[in-house]
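> Read off the chains here:
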Amino acid sequence: MAQGLEAFLREAQEKNLPFSELMLAKEAEETGLQPEEIKEKLVQRLEVMRQARQDGLTRSLTSRSGLVNGAAFTYARAQKRVLGGPFSEVVATALAVAEENACMGKIVAAPTAGSCGILPAVLLPMAEVHGFTDEDLVKGLLTAGGIGLAIENLATLSGAEGGCQAECGSASAMAAGALVELMGGDLGQIASAVAFALKNVLGLVCDPVEGLVEVPCIKRNVLGAVNALAAAEMALAGLETIISVDEVIKTMGQVGRAMPESLRETSQGGLAATYRKLKQNRTANS
Amino acid sequence: MGIIDIIGPTMIGPSSSHTAGAARLGRFARLILGQKPQRVDIVLRGSFAHTGTGHGTDLALIAGCLGLLPDDPGIVKADQLAEENGLVYSITAQDEYRYHPNEADLLIEGKDEKIKIVGTSVGGGRIRIRELAAYKIDLSGDYPTLLASYRDRPGVVAKVTALLAEEKINIAQMNVARERRGGGALLVAEMDSTVSEELARRLAADLDWVRIIPALED
Chain D
1 MAQGLEAFLR EAQEKNLPFS ELMLAKEAEE TGLQPEEIKE KLVQRLEVMR
51 QARQDGLTRS LTSRSGLVNG AAFTYARAQK RVLGGPFSEV VATALAVAEE
101 NACMGKIVAA PTAGSCGILP AVLLPMAEVH GFTDEDLVKG LLTAGGIGLA
151 IENLATLSGA EGGCQAECGS ASAMAAGALV ELMGGDLGQI ASAVAFALKN
201 VLGLVCDPVE GLVEVPCIKR NVLGAVNALA AAEMALAGLE TIISVDEVIK
251 TMGQVGRAMP ESLRETSQGG LAATYRKLKQ NRTANS
Chain H
1 MGIIDIIGPT MIGPSSSHTA GAARLGRFAR LILGQKPQRV DIVLRGSFAH
51 TGTGHGTDLA LIAGCLGLLP DDPGIVKADQ LAEENGLVYS ITAQDEYRYH
101 PNEADLLIEG KDEKIKIVGT SVGGGRIRIR ELAAYKIDLS GDYPTLLASY
151 RDRPGVVAKV TALLAEEKIN IAQMNVARER RGGGALLVAE MDSTVSEELA
201 RRLAADLDWV RIIPALED
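Chains as they are written, first to last, in our numbering: chain D, 1 to 286; chain H, 1 to 218.
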């Protein structure tokens, strides 16, 4: 299945299949599993996502490092809202699932553990708003998975290779494309949504404080989720990407390779370095 | 790599390499030992040493030694489970690593056997065992695996492969290492399907030590 997204989309077009159906057929061929077995696995993953959301919102979590301290719990109970409604549900879900991950809860790495909050944050609240069934959401996961696969084939999904744009950026693109399909968008709109989502976070560095998936990672999951919603809505409105989606994906990979190693998950640069300096100063002054 | 790998695995956080991979490493060590471990001495190396505590690498390795899978919520209280299951452990840390920044040495001990392995966690929960006892190897755990040690002599590899061929077992990767000519030797084979108990017995009849390990679950 070592193809770019455009080849997948062309194939779907030729066979007159929704993107998710094509990916299901390909996965069945690749793994030798029955389509029903694949769907069943994805239903289980959906359940894990739901549980992580619920747990993250109902218990106030503290990570082993102490850097994470009940952000989702606090946010979900706040009174003052800028937008409120589904928007706040999206933010809350991203925080909740990403915090569950940081605090050794059970999550689905989608595509990575560090970006695990983004797909649940887009799919679960939007299911409540638009009435998507579990069967719809499984289609969403298939589409998201196909997009992730194309990104893995043309660029990378690893923060160590491509920075945060490769993890949270890819998750955001996957969520955007999935949402477009669930909202009835066509194949071209999936391509545009993926391209918009990735273009918006191009160059995003991976600079985890203390080397942990906590600061700034948890809030970057929020960024990825909100970005996905905007990208999907723009694509559904008919806005089209000027640069083709495969070229955008490849560019993400090139930008990743061009990034200094200090900004690719090594905790040597960015906020990780800033935090270390501040901590040293505090120790020196105390 | 397929859809199921991209939307997955399901795991206990926070890190596929530092938590899920560490759990698989511990589990592989237990399977190589082939019995209930009573003691494990772990040396965390490289990035495992630096960020292991925050990632729960220590807990995940112990959980794996206890036989837990990477998505088992028991990982969080592996220290407590170790006590309940009579597993004594020690954990130390060292900056240096030999094969990969995410590396650990495990000296794992059961009732009547003791084995040292060096394992690495290479990303996305994938692992590699790079040393077993005195031998340098390269094992992923992704396939059913045959480990066999014997006195270095001609014909052993032919005999093993002939026995595997009897059951139409296809070898995906195979490697032989020895201490010195005529000394201890280790054969490592990753196979497309696993070996029957009957065949395992026949293999063991001619060799000093044989271990058949199923493919590691995610």
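One or more hints might be untrue.
Using 20 Å as the maximum straight-line C-alpha spacing, the simulated SDA-like pairs for lysine to any residue come out as follows [stated by the list, open to error]: (1) D:Lys41 / H:Asp105; (2) H:Lys77 / D:Arg59; (3) D:Lys39 / D:Asp134; (4) H:Lys36 / H:His100; (5) D:Lys41 / H:Leu69; (6) H:Lys116 / H:Ile4; (7) D:Lys219 / D:Lys41; (8) H:Lys77 / D:Arg64; (9) D:Lys39 / D:Thr58; (10) H:Lys114 / H:Ser149; (11) D:Lys41 / H:Pro73; (12) H:Lys114 / H:Leu31; (13) H:Lys159 / H:Ala205; (14) D:Lys41 / H:Ala134; (15) D:Lys41 / H:Ile4; (16) D:Lys279 / H:Thr53; (17) D:Lys26 / H:Ala134; (18) D:Lys250 / D:Ala237; (19) H:Lys114 / H:Ala134; (20) D:Lys39 / H:Ile4.
No lab work stands behind these hints, which were simulated from the structure alone.
> Each of the hints needs a verdict: does it hold here or not?
Right, here's what the structure says about each hint:
1. A distance of roughly 34 Å separates the Cα atoms of Lys41 (chain D) and Asp105 (chain H); the hinted pair therefore is violated under the 20 Å criterion.
2. Taking the CA atoms of Lys77 (chain H) and Arg59 (chain D), the gap is near 18 Å; set against the 20 Å cutoff, the hint holds.
3. Proposed proximity of Lys39 (chain D) and Asp134 (chain D) is supported: the alpha carbons are some 10 Å apart, at most 20 Å.
4. Between Lys36 (chain H) and His100 (chain H) the CA atoms are separated by roughly 28 Å; this puts the pair beyond 20 Å, and the hint is violated.
5. With a CA separation close to 17 Å, the supplied pair Lys41 (chain D) and Leu69 (chain H) stays within the 20 Å bound.
6. Using a Cα cut-off of 20 Å, the hinted pair Lys116 (chain H) and Ile4 (chain H) is violated, with the two alpha carbons roughly 33 Å apart.
7. Proposed proximity of Lys219 (chain D) and Lys41 (chain D) is contradicted: the alpha carbons are some 28 Å apart, above 20 Å.
8. Distance hint between Lys77 (chain H) and Arg64 (chain D) is fulfilled; the C-alpha atoms sit about 12 Å from each other, no more than 20 Å.
9. Straight-line distance between C-alpha atoms of Lys39 (chain D) and Thr58 (chain D) comes to about 29 Å, which puts the hinted pair past the 20 Å bound.
10. Distance hint between Lys114 (chain H) and Ser149 (chain H) is fulfilled; the C-alpha atoms sit about 14 Å from each other, no more than 20 Å.
11. With a CA separation close to 19 Å, the supplied pair Lys41 (chain D) and Pro73 (chain H) stays within the 20 Å bound.
12. With a C-alpha separation of about 12 Å, the suggested pairing of Lys114 (chain H) with Leu31 (chain H) holds against the 20 Å cut-off.
13. The suggested pairing of Lys159 (chain H) with Ala205 (chain H) holds, with an alpha-carbon distance near 12 Å, which does not exceed 20 Å.
14. The suggested pairing of Lys41 (chain D) with Ala134 (chain H) is violated, with an alpha-carbon distance near 40 Å, which exceeds 20 Å.
15. Our distance criterion of 20 Å between C-alpha atoms is met by Lys41 (chain D) and Ile4 (chain H), whose separation comes to about 8 Å.
16. Pair hint Lys279 (chain D) plus Thr53 (chain H) holds up; C-alpha atoms about 19 Å apart against a cutoff of 20 Å.
17. Restraint check for Lys26 (chain D) and Ala134 (chain H): not satisfied, since their Cα atoms lie roughly 43 Å apart, outside the 20 Å limit.
18. For the hint pairing Lys250 (chain D) with Ala237 (chain D), the CA-to-CA distance comes to about 25 Å; that exceeds 20 Å, so the pair is violated.
19. Our distance criterion of 20 Å between C-alpha atoms is met by Lys114 (chain H) and Ala134 (chain H), whose separation comes to about 13 Å.
20. Distance restraint check for Lys39 (chain D) and Ile4 (chain H): the Cα-Cα separation of roughly 10 Å lies within the 20 Å cut-off, and the hinted pair is therefore satisfied.
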